[in-house]
Amino acid sequence: MIDDLTDTDLAAMATAVAPVDRLPLDRGVAALVEGEPVAVFRLSDGAIYAIDHVEPFTGVPVLARGLVGSVGDVPTVASPLHKQRFDLRTGVCLDDPDHPVRTWPVEVADDVVHVVHDPHLHSSANPEGPPC
Amino acid sequence: MRRRKLLVAGNGMVGQRLVDRALATDLFDIVVVGEETRPAYDRVALSSWFEGRTEDELSLCGPDVLADKRAEYLLGRRVDAIDIDRRTVTLDDDTVHDYHELVLATGSSPFVPPIPGHDLPGCFVYRTLDDLAAIRERAEGRTSGIVVGGGLLGLEAANALRALGLDTHVVEMAPYPMPQQLGEGGGRMLARWVDLLGVHLHCDVTSERFAPGEDGSVAALHLADGAVLPADVVVFSAGVRPRDQLAREAGLEIGDRGGVLVDDTLATSAPNVWAVGEVAAHRGRCYGLVAPGYAMVDILVARLSGGDERYEGNDLSTKLKLLGVDVASFGASTADGDDIDEVVYHDPVNRIFRRLALDAATGRLLGGTLVGDASGYELLRAVTLGDVDQPAELPAYVLPATVRPPADGELPDNALLCSCNAVSVGIIREAVADGAGTVGDLKACTNAGTSCGGCVPALGALLKTELTSLGVAVSSALCEHFDHSRQELFALIRFRGHRTWAEVLEAHGTGRGCEICRPTVASILASLSNGYVLDGDQAALQDTNDHHLANMQRNGTYSVVPRVPGGEITPDQLIALGQIAKDFGLYTKITGGQRIDLLGAQLSDLPLIWQQVIDAGMESGHAYGKALRTVKSCVGSTWCRYGVQDSVGMAILLEERYRGLRAPHKVKMGVSGCTRECAEAQAKDVGVVATESGWNLYVCGNGGRSPRHADLLATDLEDDQLVQAIDRFLMFYIRTADRLQRTSVWLDSLDGGIDHVSDVVFDDVLGIAGELEADMDRHVQTYECEWKATLADPERLSHFVEFVNAPDERSTPVWITERGQKVPG
Ligand code: SRM
Ligand SMILES: Cc1cc2nc3c(=O)[nH]c(=O)nc-3n(C[C@H](O)[C@H](O)[C@H](O)COP(=O)(O)OP(=O)(O)OC[C@H]3O[C@@H](n4cnc5c(N)ncnc54)[C@H](O)[C@@H]3O)c2cc1C
Ligand code: SF4
Ligand code: FES
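Just so you know, the sequences run in chain order H and Z.
So for the first sequence, the working numbering puts the first residue at 20; every next one is plus one.
So for the second sequence, the working numbering puts the first residue at 103; every next one is plus one.
What follows is a set of in silico ranges between Cβ atoms, one per label pair, in the way DEER data are often shown: (1) Z:SER571 <-> H:ASP40: 50 to 56 Å; (2) H:ARG41 <-> Z:ARG598: 28 to 34 Å; (3) H:SER63 <-> Z:GLY539: 27 to 33 Å; (4) H:ALA31 <-> Z:GLN713: 40 to 46 Å; (5) H:GLY54 <-> Z:LEU299: 46 to 52 Å; (6) Z:ALA563 <-> H:PRO38: 51 to 57 Å; (7) H:ASP137 <-> Z:ALA147: 38 to 44 Å; (8) Z:PHE152 <-> H:GLY54: 34 to 40 Å; (9) Z:LEU299 <-> H:ARG41: 54 to 60 Å; (10) Z:ALA147 <-> H:PRO38: 48 to 54 Å; (11) Z:ILE677 <-> H:ASP40: 43 to 49 Å; (12) H:GLY91 <-> Z:ALA369: 47 to 53 Å.
In the PhoX-like style, the derived pairs of lysine-lysine whose C-alpha atoms are separated by at most 25 Å in a straight line are: (13) Z:LYS545 <-> H:LYS102; (14) Z:LYS768 <-> Z:LYS691; (15) Z:LYS924 <-> Z:LYS691; (16) H:LYS102 <-> Z:LYS768; (17) Z:LYS421 <-> Z:LYS545; (18) Z:LYS423 <-> Z:LYS545; (19) Z:LYS171 <-> Z:LYS107; (20) Z:LYS566 <-> H:LYS102; (21) Z:LYS691 <-> Z:LYS890.
Derived by calculation from the structure, the hints in this document are not laboratory data.
No residue lacks a Cβ here, since even glycine has one placed at the ideal position from N, Cα and C.
Turn these sequences into a full structure, and let the hints guide you.
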């Protein structure tokens, strides 16, 4: 996490999305970050995650409209089109590791959620493999 | 062992399996040379490319496979020569590569019979993705197709041509299709299925020549019997030939009928050169299936790692879905003659043919063919191979599953379940015992079901039996977050009076919920309280369509379907809908439910569109909800000379009563004005058919995937008796059905079936009729149009913005124009 940022630093490195309390709980919203669609989720435990809004199987920007849930301890969103689930923390697709999405760092400053212009692609698939 | 350099010629299905298995030993550095420009893909599933499976989905090499530094892929390149003494190969770009071990996995190529005109433009083979792309391009805008060859692949190709919109003919020299595998009875039965599909089959005839049209490409096929068939697109499927050219030129020994001769160790006649897959001739025979190739790879890799396994040949039994029809053959499938007793089941009505061939002297099962119903295949095959003792009642196994339940549960460990990947029943049992709990797990652990997919239903059935016998309750739990079934949860929520998701999760669940339990709870809360479905914490529960009160389309835009009760609509409303479609650039279509779909709306336009719909006196049609959809009607006594009751009036009354009612699945109704039944009411969840003195009530019909005619529940009801019966019926269903269970499936799972429903609805045996009616009353009293409720509240409206931080921006899907309207590109 990035501490001690001045407002100007943040403005240069990140895009404001919305005040925290405007984000619905356990649901996503889409934002435009430097022209790219990003899905931002606020969970009922307070965590906020951002991943690509574009669903990698179809290339259609809809992930923010998926259902939030959990698989074990993993917070997930399920694609609204065909229900593949993505790990909100890493962007890894639990149903098909070959189709990850990028994650975007999130910062909250003055109660406003910001998405930092620094997307990551985690390639590590399910580290445990199938249960056998 | 020191690392060795393994060179693989050919990157098809078997070549890639070899790479995967060899990498797993970590003994080799690998170079793969593949003539096709793309890495290996699932050729067995090739035809699914026409149905929308993408190249990526068909690929056998994920990014992690291609990224593995220990294997180098030289694609779009061909091995042209082998120098056995120097242990090098030369590629078509003249580069030379050395090897310690060379494996030929060059597969086969389709045989094109030398019929004059066979090389005209418009003639193709059916083997690679490039072939399919070329066929699709050629088919564009054309009308007729020919397949030469009525074998397995020929029929598959014919089905593909038909799906491309071509009027398709298959020309086969034998008197019926698939003679070698199915024999006469099976072949002729298959011909009936082919006919049913609308593909024209010409058997017992040869092709004489192809004639070009004006543009010089193929246009007609002249048959030996004088017939001339239109031929815009021609596909040859007359068998395959092993690609042994390379080996011939290098002086390797070749089988009598072609193919690179290998011994039981898969060694060719040259040192350090091996062959696997379709190109290998083992004991003189080449196999045209993937399973033997995979089996050869296992043996070869074991050998190259120091083992002494031998390849003993493969059984040729197969079971597959051909043109949607189950077809199987096993053992000496077409054995015939004086020393054979045949047991035959022949049902031309349902197009089922099953034949078992028994040794007349000993009664032992030698083989058989199954067409139209392949149940029992796994067991029968295991008996033929001697893996299972022959059951005493074996001849009875000739009966199809509808007549005699299959006995698959008795399969022994060594019976083969997935033939493509050689996975036995025992391996599946082990995997289940080790914790695999879903078909997905089993695929990942054992590879079973990952090629042709034909064994997946058997896999699912075995999994269920195994889990049950291991004492793992095959639970009715909704998902990992709730231990209850939907029915139990409904009772709990109703009894405890929960009103929010938070209360329900806290009291009965764990974790954060998921895409299964969230919409289920949402639906129960909506059935019980009828509040606005997007308020409070319910918003986060709604599935894709419910969440924006519209159906999401494949490009992320939405459809708007206003309610048209009973299908009755005024001219002004029709004009209004047309104007709305024009204003917002929407595609319009009459739906199968007697109303009008406006498609292609942007998320942020939805409220504006709804406003205009409401201004025109219409409202939400709940096409997005598991809720009442439509009440279809016929014109009835108002217009029709046969009508005996006002079916339109009754349909409107019912639609306005039950609109917005949330249920475990969607609910459809129909009302016909007489027994001619023009409204197809008996295909609906609730069907009403007029009689001279009232209405007959039918319930639990279904169209869709598994159509079911509705059952008659009562006759000659008066209007208010009818409404009361439907109130009770619907609420009873909503209380007791499982998630996503239509009334038809629910009825089949209900103890006592239709009689029980009748007892509850008319005799109130459960003493709940009062409650059911009160629940429905509350629904009717509190109904409001969700679109209107959204428009009335700025807070709710704020939900319908595409990008929170850029309300004026919207995504830009690609549109193309088709028949004068825009559709997704
Ligand atoms: C629009 C329409 C097709 C059309 O252009 O005519 C349609 C479109 C869809 N149908 Fe349908 N069905 C439509 C009439 C039907 C009919 C015919 C009828 O109602 O008379 C049937 C067979 C009758 C039946 O349901 O018993 C039908 C059986 C299905 C099924 C299979 C249900 C089953 O029990 O097997 C599904 C899948 C499901 O619900 O799980 C389905 C699902 C769908 C979905 C919702 C798929 C989806 O989730 O995206 C489609 C939504 C398209 C969209 O986004 O707008 N649709 N669908 C029809 C809308 C009728 C309406 O006015 O509301
Ligand atoms: C439409 C279709 C449906 C099928 N359905 C089934 C089914 O249901 N069940 C089943 O078991 N089987 C089925 N098959 C057969 C199955 O696909 C083959 O048995 C399997 O692909 C054989 O694998 P292979 O690696 O031996 O050959 P291939 O998959 O043909 O691969 C050989 C590869 O080597 C390349 N090559 C050839 N020569 C050279 C060279 N000199 N240098 C470099 N590369 C070279 C070729 O271009 C090709 O890519 C089907 C086949 C088709 C076409
Ligand atoms: S069902 Fe009867 S009343 Fe209705 S349109 Fe058909 S014939 Fe006429
Ligand atoms: S039999 Fe083909 S995948 Fe199992």
